[in-house]
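**Student:** In order, the protein sequences belong to chains A and B. Letter by letter, the first sequence follows residues 1 to 684 of the numbering used here. Letter by letter, the second sequence follows residues 1 to 684 of the numbering used here.
Just to be clear, a hint being listed does not mean it is correct.
Chain copies aren't distinguished; within one or between two, either way the pair holds.
Here are the simulated DSSO-like pairs of lysine-lysine, each with C-alpha atoms no more than 27 Å apart in a straight line [said to hold, decoys possible]:
hint, residue 1, residue 2
1, Lys-190, Lys-219
2, Lys-71, Lys-190
3, Lys-576, Lys-130
4, Lys-219, Lys-198
5, Lys-190, Lys-625
6, Lys-187, Lys-625
7, Lys-18, Lys-152
8, Lys-625, Lys-152
9, Lys-206, Lys-219
I should point out that these hints are in silico values taken from the structure, not numbers from a laboratory.
Protein chains: 2
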Amino acid sequence: MPEALTGVKDEAAEAEAKVVFTPSGRRGTFPVGTNLLQAARDLGVDLDSVCGGRGICGRCQITISTGRFAKFGLESAAGHLSAFSANEQRYKDRRGLAEERRLGCHATVQGDLVIDVPPDSQVHKQVVRKRAEVRDITVNPAVRLHYVEVEKPDMHHPTGDFERLATALREQWGLGELESDVRILQKLQKSLREGDWKATVAIHRKERIIAIWPGFRGKAYGLAYDVGSTTVAAHLADLSTGEVVASVGVMNPQIRFGEDLMSRVSYAMMNPGGDIELTEAVREAVNRLVADAAAEAGIAADDILNATFVGNPIMHHLLLGIDPVELGGAPFALATNRAQTLWASEIGLAVNPDARVYFLPCIAGHVGADAAGVILSETPYLSDDTVLIVDVGTNAEIVLGNRERILAASSPTGPAFEGAQIVCGQRAAPGAIERVRIDPETLEARVRVIGCDLWSDEPGFDAATGDTGVTGICGSGIIEALAEMYLAGLIRPDGTIDGGLGGRTDRLQAEDRTFSYRLYRAGERDIRIYQVDVRAIQLAKAALYAGARLLMDRLRIAAPDRIVLAGAFGTHIEPKYAMILGMIPDCALDKVTSAGNAAGTGATIALLDQAARDEIERVVRGIEKVETAVEPEFQRHFVDAMALPHATADYPHLSRQVTLPARLADDGGAVAESGGRRRGRRRR
Amino acid sequence: MPEALTGVKDEAAEAEAKVVFTPSGRRGTFPVGTNLLQAARDLGVDLDSVCGGRGICGRCQITISTGRFAKFGLESAAGHLSAFSANEQRYKDRRGLAEERRLGCHATVQGDLVIDVPPDSQVHKQVVRKRAEVRDITVNPAVRLHYVEVEKPDMHHPTGDFERLATALREQWGLGELESDVRILQKLQKSLREGDWKATVAIHRKERIIAIWPGFRGKAYGLAYDVGSTTVAAHLADLSTGEVVASVGVMNPQIRFGEDLMSRVSYAMMNPGGDIELTEAVREAVNRLVADAAAEAGIAADDILNATFVGNPIMHHLLLGIDPVELGGAPFALATNRAQTLWASEIGLAVNPDARVYFLPCIAGHVGADAAGVILSETPYLSDDTVLIVDVGTNAEIVLGNRERILAASSPTGPAFEGAQIVCGQRAAPGAIERVRIDPETLEARVRVIGCDLWSDEPGFDAATGDTGVTGICGSGIIEALAEMYLAGLIRPDGTIDGGLGGRTDRLQAEDRTFSYRLYRAGERDIRIYQVDVRAIQLAKAALYAGARLLMDRLRIAAPDRIVLAGAFGTHIEPKYAMILGMIPDCALDKVTSAGNAAGTGATIALLDQAARDEIERVVRGIEKVETAVEPEFQRHFVDAMALPHATADYPHLSRQVTLPARLADDGGAVAESGGRRRGRRRR
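Go ahead and model the full structure; you've got the sequences and the hints to work with.
**Tutor:** If you want it as structure tokens, here you go:
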């Protein structure tokens, strides 16, 4: 019968109400009785749900926004939302529900409403980051849980359990064609029957069912790994909230095969099966972190359904079980520069064996997935400013660019920045000198060590450093020591320790034909800076600068707008000292920031936001790779960069804050005077 | 410079020649000097190549078809093909080349030519089948080999080895985006360097690199499995020629857990881990066949890169490691009814671990991938005739249909047809009675046994059967014995052994209140047919007929146009006797054929022709499944089908060749008279 004759349509029209959702501002008119999850879905409002509206998961919590009715021209709210239902009460009794909160799937529209979706109820939640220059992380994980109710088998219409599950997922969740592994088929029938035809499945990228459990399951976790040559670190995150629930780290046990990367590759080359030993060692560390993170968060390893990895190319290859021998010499060919998605079991990762694992792409033979992670974290490809990002390890990974163009290179800095090749050098650990000040008048030095807040000339320093005492000097300490020596005139612009000042201090001491300077007397033992130390740092910083300079030449800029220091070393050095030594080009000091473990942050972003994976893969494909070893200009830049801070480059910003010693005699006037005029000019 | 000014174009036009390819008849004009592989590719002529035109693989052999020049209006051939090249001579010396054969990649066009592509040089070769009613098999395997030359890494343009391989495959083979497993990445770098940047890759369905070898490799093999409850059989095929190079079989070692399928499922249900034992047992058999087939063909198991499987649902599930418990009782839910493609390693198949494995789809809980194999082999979906296909095992799988509609069912025949539940029954083996004739006048029987060509009343029979003697009666023997007894009046249409004839023969003997008939006296022991035997066969044949009849009802036909008897049992029984007993509906006897192991043939087709996989998946999705257990009509059909040949159904075709005894008294006139009129009429 036509509606006009029955009057049904008119009645329906009377029983409708307006609903406005905040903060999105989306609005619509719905029949009285519509639940708010349904209304939100109809309007495309970002309201979460795992159980699909069955009052189990509590993800669709909303509040009524009584105060804002007038703003939207609506009447006040009394009675406009249905009464608190038995289902909501059951949820509240079992799992708790704040006073003003309602379950969107059970609260129904009874009159005009303004409904607020709190941040924790949004599907695409934001994880807010503290630094202004980087964007927040959207929680949009590759692995999602879906609660589903499956039809029982019917002999009149025989279909497989899997096909009925897929149908239910299509009908209840709008999911398309789904694949699955045989391991799911092996568990499927039992899970469906144990849960009385209710189950929760984990789905990877809307394509593949990777896990199934009987009944409802609300939590899934992921691990983001940063696998460094020295340390392996991981963050365990709740994939629904994006919250990091545990952060763990361990020394890379590969150190027993060689302190630095190249000696490990040599080990693999010299010893049959050595690559397998290295692979087993790093996988052992990675699995230890699974256990540690799960224990710290109080979850089972089996609850971990996704993992992401960043690391340098050698760690990347070894984790994947690829012999890194080709990365040990020219032409440094990667096995692949694509991102990899595989099963946890394929790399022996002791999480849920059906978990998926994602490796960010490597960029080139020396520029790894760790650099991809840094780029994903720092997003130079979204920046109007031209950003220079340096991540210093045995190789410095250098990225330069902006939203139009990104270049990447690596430079062979060697391990000097990490305290190796330095006579009194040591790893960053309690007792290591990390801060140095030298009085330019007296040429006296004072130091601070890791694990103690006092300077060495302050009362109580000896007591505070205790049994450990002062044991050596770490990477950031060397930078400061050399920069302070340079500012005090103890080191000349060409890097020579100036023995001619020996009359003014007993800290200088002749060593064969060179000199050394005593930073600190630790009991019987002197901690000194030797000429070889200065040379080692000069070589390292010249390599770093020359790499950055090559990229700047390509972009035809004299200086970047911003500099980001990434990695542990970047976190600890003082930008001013790095610039005084000429490690990095000139830049306003307030535009030099430390990104901390940006590679690890990149891994976490890829874990929480599947769109970020596509994004970094796209960006990496577009990156221009510069191989410093075959660039003829590199050698010239390197030689020029040996001087402190540089033979020719200007440091106008730095010169405004620091009085730099005059340049080498043949160079003419001081750097501070000549610099300002050239700032911002294009080089070619 | 424009061509018109240089005259180059005119010169080129002068130096062109016509080429006709047979048998395709494709023709075109090519510059002199074009090689014939290139010409064939340009014209879309089906000319094979693995090495991509490098004179290594010898797949592109052609002959000059001198005699047919006039037919195509071309001049004679002298000098129209380039002289035999050094490359061809090298190939000939190394691998042999028939006198008239040339390598298409090195023989070049010098004048007008008619070129014949012999069948073994075609990409899509045909494997010719002997039976008229089935189509030939196209060789179009899922796994193909491609020889490829890869660019070396270049530090100026750093890319991964995998990406350069993919580029080479795109440029040299026109392949698109390719995936690979991490296992390929683990072998990739070594393979490329060992082969000096020449390699052969195996590619699955143009999508995924599954294997790589240094240098050239010309052969790949596949295994097609038919996994039955009693025996497991496999064909090893050369994936390039389609030739079956080894056929092997083994008893299913699961028999130690139970003779029939249901007792094995019970074992799995009663014993924790029993399903795993069953899985291990069948996988052990499957792996034994890998070794046997490889040994028989003289190849390595590692050369086997693809495998296909058919089997009943329980074997299908067990092979996949899925507990078959749900298939042991109503509602007989399959874990999945989709085809499965997975890694050999996932089912522990001891071929190349990177081989892909394909399971044909199951149709329903009792109608397995074996039935899908039968359908693929017999192609009822391409038939204008309506075909009934029966494959008899413990369950009979029944398929009925034509190009418009296909129905499938299974019927619980029990193991009587296999000689079980028969007092003197035994498996088909030497000494088992397989043929029986009974003289209707004397009521004397003569028999023939497996392994002996003589009848028992012929001289030398005892000597010929030797030490084995006559040991029992197998499935096909029982069918003949009962049919002959029925024709001789020894069995009444209701299945009763007629003791009233005892006066005419001493072979009848009273047993409590029933009678038995002696088929043969083997020394001290009689081989007899008992009343219980007749009842067991009546139950089995009634189930089979009733299942077929349900499907005929659905299609509204009284009889099929053709009948195909599949499986070992179908191969050995005489269609006439099957019809006399009413196992199958009436049909012209010359339209009843035996398909042999059609399920295994289906597995072989799916192995050799990837398009057949898509085809059977599409067909299976469209099949109407009929579950006999829930069809109310089944019971009535079953009861009617207990009589010999049937209480009501007509056998007009049969009656023309065999004089059937009169029907039961209450049925009126003889079958032969009433039948003809109803033939071909629609039932509803």
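**Student:** Now, for every hint given, state plainly whether the structure supports it.
**Tutor:** Hints, one by one, checked against the model:
Taking CA atoms no more than 27 Å apart as the test, Lys-190 paired with Lys-219 passes inside one copy only; the shortest distance there is 21 Å, against 43 Å between copies. In this assembly of identical chains, Lys-71 and Lys-190 lie within 27 Å of each other by CA distance neither inside one copy nor across copies; the values are 54 Å within and 70 Å between. Taking identical chains as interchangeable, the C-alpha atoms of Lys-576 and Lys-130 lie at most 27 Å apart only when both belong to the same chain, with a minimum of 23 Å there against 87 Å between chains. Taking the closest pair of Cα atoms, Lys-219 and Lys-198 come within 27 Å of each other only inside a single copy of the chain (16 Å); across copies the shortest separation is 49 Å, beyond that limit.
In this assembly of identical chains, the alpha carbons of Lys-190 and Lys-625 lie at most 27 Å apart only when taken from different copies (24 Å versus 52 Å within one copy). Only between protomers do Lys-187 and Lys-625 lie at most 27 Å apart by alpha-carbon distance; the minimum there is 26 Å, versus 46 Å within a single protomer. Taking the shortest Cα distances, Lys-18 and Lys-152 never come within 27 Å of each other, neither inside one copy (39 Å) nor across copies (66 Å). For the homomeric pair Lys-625 and Lys-152, the shortest alpha-carbon distance between copies (17 Å) is at most 27 Å, but the shortest distance inside one copy (56 Å) is not.
Only within a single protomer do Lys-206 and Lys-219 lie at most 27 Å apart by alpha-carbon distance; the minimum there is 17 Å, versus 38 Å between protomers.
The structure fails to meet hints 2 and 7 from the earlier list, while all remaining hints are met.
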